[in-house]
Amino acid sequence: DVKVTQSSRYLVKRTGEKVFLECVQDMDHENMFWYRQDPGLGLRLIYFSYDVKMKEKGDIPEGYSVSREKKERFSLILESASTNQTSMYLCASSLAGELFFGEGSRLTVL
Amino acid sequence: AQKITQTQPGMFVQEKEAVTLDCTYDTSDPSYGLFWYKQPSSGEMIFLIYQGSYDQQNATEGRYSLNFQKARKSANLVISASQLGDSAMYFCAMTNTGFQKLVFGTGTRLLVSP
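Quick mapping for you: the protein sequence lines, in order, are chains F and C. No gaps in the numbering here: position 22 of the first sequence is 23 in the numbering used here, and each next residue is one more. No gaps in the numbering here: position 78 of the second sequence is 114 in the numbering used here, and each next residue is one more.
Derived by calculation from the structure, the hints in this document are not laboratory data. Being a predicted model, the structure only gives us computed values, none of them experimental.
A short, non-exhaustive set of chain C residues, derived as facing chain F with CB atoms under 10 Å:
#	residue
1	G79
2	F83
3	F127
4	K137
5	L138
6	F140
7	G143
Glycine included, C-beta positions come from ideal geometry on N, C-alpha and C.
Produce the complete structure using the sequences and hints provided.
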């Protein structure tokens, strides 16, 4: 079975802190994605990567950056967390379009 | 740009009845794929069904079927014989040629009552 693992299920951070959300997949997928999910807004794409060291902006990249140094790992970075980044963050990897999701990381920024 | 619209924020259905969740899409790509995902209260996203834009027949997976009407740009999910465990959020999504990224709708919350 494909496994996508997100390092933290729940995080609480303070405004201005640097936040790292880690995601690892074990199926050698080329594509990896970071989404955020908010009530009434569905899932919105933040960044995606189709290869090591490659990244593409999604629909809402402002305030975020990403890192993909190894094929299996895709990290989302909040350089200076703000309260409006309180959300559920979902990582996914894909094969032929079908996404395999991690369990999500619920981030609260106080 | 691609866009997915789910106009039903919530739906109610009784156990054993069928329910249709609406999804319309907009794209200029001739080749695309349409997906439905289920998200129970536990939060994980579960892939349900896929329809390719060139598929001649509507996709079916067990109790799930996708009513694909290309001219209307709609890809409604039909759940037959609803079960209590079907209560969840349902997201419609689409991808373009090359399957580089998935665009999601805002979701429909389905509640199945006994």
